[in-house]
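Undergrad: Residue strings, one per chain:
2 protein chains.
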Amino acid sequence: MTEKTKSSQIGSSTPDNTTAIKEYLNTKRGLVEKALQQFIPEQENKLESHIESMTYSLSAGGKRVRPILCIAVAEALGQDMTDLMPIPCALECIHTYSLIHDDLPAMDNDDLRRGKPTNHMVYGEAAAILAGDSLLTFAFELLSYPSLVGAIAPENQIRLINTVAKAAGPLGMVGGQALDIASENKDIPFETLRFIHSHKTGALITASVQCGALLGNASQNQFKALSEYGRDIGLAFQIVDDLLNVEGTTEELGKAVGSDADRNKATYPGFFGVSETREKAKSAVEQAIKALEEFDQKADPLRHLAAYIYERTN
Amino acid sequence: MTEKTKSSQIGSSTPDNTTAIKEYLNTKRGLVEKALQQFIPEQENKLESHIESMTYSLSAGGKRVRPILCIAVAEALGQDMTDLMPIPCALECIHTYSLIHDDLPAMDNDDLRRGKPTNHMVYGEAAAILAGDSLLTFAFELLSYPSLVGAIAPENQIRLINTVAKAAGPLGMVGGQALDIASENKDIPFETLRFIHSHKTGALITASVQCGALLGNASQNQFKALSEYGRDIGLAFQIVDDLLNVEGTTEELGKAVGSDADRNKATYPGFFGVSETREKAKSAVEQAIKALEEFDQKADPLRHLAAYIYERTN
Numbered sequence: 001m002t003e004k005t006k007s008s009q010i011g012s013s014t015p016d017n018t019t020a021i022k023e024y025l026n027t028k029r030g031l032v033e034k035a036l037q038q039f040i041p042e043q044e045n046k047l048e049s050h051i052e053s054m055t056y057s058l059s060a061g062g063k064r065v066r067p068i069l070c071i072a073v074a075e076a077l078g079q080d081m082t083d084l085m086p087i088p089c090a091l092e093c094i095h096t097y098s099l100i101h102d103d104l105p106a107m108d109n110d111d112l113r114r115g116k117p118t119n120h121m122v123y124g125e126a127a128a129i130l131a132g133d134s135l136l137t138f139a140f141e142l143l144s145y146p147s148l149v150g151a152i153a154p155e156n157q158i159r160l161i162n163t164v165a166k167a168a169g170p171l172g173m174v175g176g177q178a179l180d181i182a183s184e185n186k187d188i189p190f191e192t193l194r195f196i197h198s199h200k201t202g203a204l205i206t207a208s209v210q211c212g213a214l215l216g217n218a219s220q221n222q223f224k225a226l227s228e229y230g231r232d233i234g235l236a237f238q239i240v241d242d243l244l245n246v247e248g249t250t251e252e253l254g255k256a257v258g259s260d261a262d263r264n265k266a267t268y269p270g271f272f273g274v275s276e277t278r279e280k281a282k283s284a285v286e287q288a289i290k291a292l293e294e295f296d297q298k299a300d301p302l303r304h305l306a307a308y309i310y311e312r313t314n
Numbered sequence: 001m002t003e004k005t006k007s008s009q010i011g012s013s014t015p016d017n018t019t020a021i022k023e024y025l026n027t028k029r030g031l032v033e034k035a036l037q038q039f040i041p042e043q044e045n046k047l048e049s050h051i052e053s054m055t056y057s058l059s060a061g062g063k064r065v066r067p068i069l070c071i072a073v074a075e076a077l078g079q080d081m082t083d084l085m086p087i088p089c090a091l092e093c094i095h096t097y098s099l100i101h102d103d104l105p106a107m108d109n110d111d112l113r114r115g116k117p118t119n120h121m122v123y124g125e126a127a128a129i130l131a132g133d134s135l136l137t138f139a140f141e142l143l144s145y146p147s148l149v150g151a152i153a154p155e156n157q158i159r160l161i162n163t164v165a166k167a168a169g170p171l172g173m174v175g176g177q178a179l180d181i182a183s184e185n186k187d188i189p190f191e192t193l194r195f196i197h198s199h200k201t202g203a204l205i206t207a208s209v210q211c212g213a214l215l216g217n218a219s220q221n222q223f224k225a226l227s228e229y230g231r232d233i234g235l236a237f238q239i240v241d242d243l244l245n246v247e248g249t250t251e252e253l254g255k256a257v258g259s260d261a262d263r264n265k266a267t268y269p270g271f272f273g274v275s276e277t278r279e280k281a282k283s284a285v286e287q288a289i290k291a292l293e294e295f296d297q298k299a300d301p302l303r304h305l306a307a308y309i310y311e312r313t314n
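Just so you know, the sequences run in chain order A and B.
Mapping of the first sequence onto the numbering used here: position 56 corresponds to residue 56, and the numbering continues sequentially without gaps.
Mapping of the second sequence onto the numbering used here: position 219 corresponds to residue 219, and the numbering continues sequentially without gaps.
Every clue listed holds true.
Put simply, identical chains are the same to the list, so a pair is met inside one copy or across any two.
The calculated lysine to aspartate or glutamate pairs, modelled on EDC-like cross-linking and capped at a C-alpha distance of 16 angstroms, are:
(1) K46 with D187
(2) K265 with E191
(3) K265 with D187
Calculated from the structure, these hints are not laboratory results.
For reference, chain A alone in the conformation it holds in the complex (with noise of 0.2 angstroms):
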């Protein structure tokens, strides 16, 4: 393990890496936007109105957590990103649907989302639920895009769509979403809590991770340990989500602070209590840096990510 790796350690992290991720993030947010823009649907004659729903919520900022992590892994491998960018932007465009169902009047009736008025709000409810549609079935588009021919291996590629369909359906993030909707005010055991977290949030990250493993050509060993990096990240990332509701500001958030509470949804502080929580979610931290000991410094952005996740509860 080199020096660097270790510096990315929970616990020792210093400033100068503080500083480093967080211009590493600004930088892969810009180049994941920039290409967004780049293969969004040129506005047609007839169906304006349409792509800019899809647009106004694709376009209203978030963390980019899903590509920039398909990214960092590519380059982990040593994987060059530059004609394969339609595949991160897919992940961003199933992420962006899913925020905009789970935040019908139907489902958790949310009027802000990342400090703006939520899609329904402003086109309407029909218009949000088609919007979603369409920037599920845009990111199959993108997962297939004709640009990509030749630049992954076919059959990597259909592995790939694969995976994320599987992690996106109903036995992944869409199931996660019905099991914590029909779960609403109800009791639930911590293992269902967990179900939805590792179905809801994880299953999407995961994938997100085993793309990018995929992407880089990873090998079977690789591949392994990235997707329990993956799993692991998913985790600590829902629990500091769980964290930042109970303790965070409305402006942090971009959303009004204890709503979970607020609707009786189980979470992680209501469970262990918030000193406990923070705990499971260092713990995870560090299970996601330890996945990742057979890698170079090449995935130092990797440690240092998981890194970051635990210390915006500080």
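Put chain B on the given structure of chain A with help from the hints.
TA: Showing chain B alone in chain A's frame:
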């Protein structure tokens, strides 16, 4: 042109042909429904209700036009479909999701579909939105299904996925639905109605035909001719649906007769009257059959199917 192909020209359809195509459609529908049952995710602990809501709409009957078209086209090109059934099933999943979302209170607010309560009437609005989301995502899991490896050239499979995604997405089916919703209670020119039809219904029907063409390794000319066939029967299909909505019985339609007019939706009979609309359907069917000129008798089911669409109006 063989005697057999001549006999399926519209206007010269014999009772024998009608019986034959009905039997053909029944057989293929059975195959599709058996395959759907095989592929739909198993009931999983905690997600029973979500999987049930998907299965409810998927099993609610329907003509299975899109998967049957895909199969009939591939078989017209000599392709054995036994190992390729995930592809036609995916098309039916996309069609079913679109019906669930179209029926939602925020959209067409329909209580009945195929003679049964709509998804949201049974499972509630949130669950219905999610059932649709899962069916759409699951379609792409099927299009990239592991069992297809080796059964299709991977390049063809990626092109097929891209074709379906484009047809179902923002500049295809969802775009058409968005414009349809936005046009309710408005005076729209015929050109806009044509755009809505060709996007909302036509795009996925054409894509279903193109999937069959890709599975059957169609030549460039065959692909072009079959795409033309797809566009023509897509148009015929929609015109006939408009006619049945005016003329049909609730039993035939599985929904309230005249419901389009009730919502002030533009229709072909609204623009042209019933008699001229009937002529337009006939002409579209004739065009469709003409597009198959260069195909041998293996394409007869496609010819009979086109003729049968028109016969539904008699």
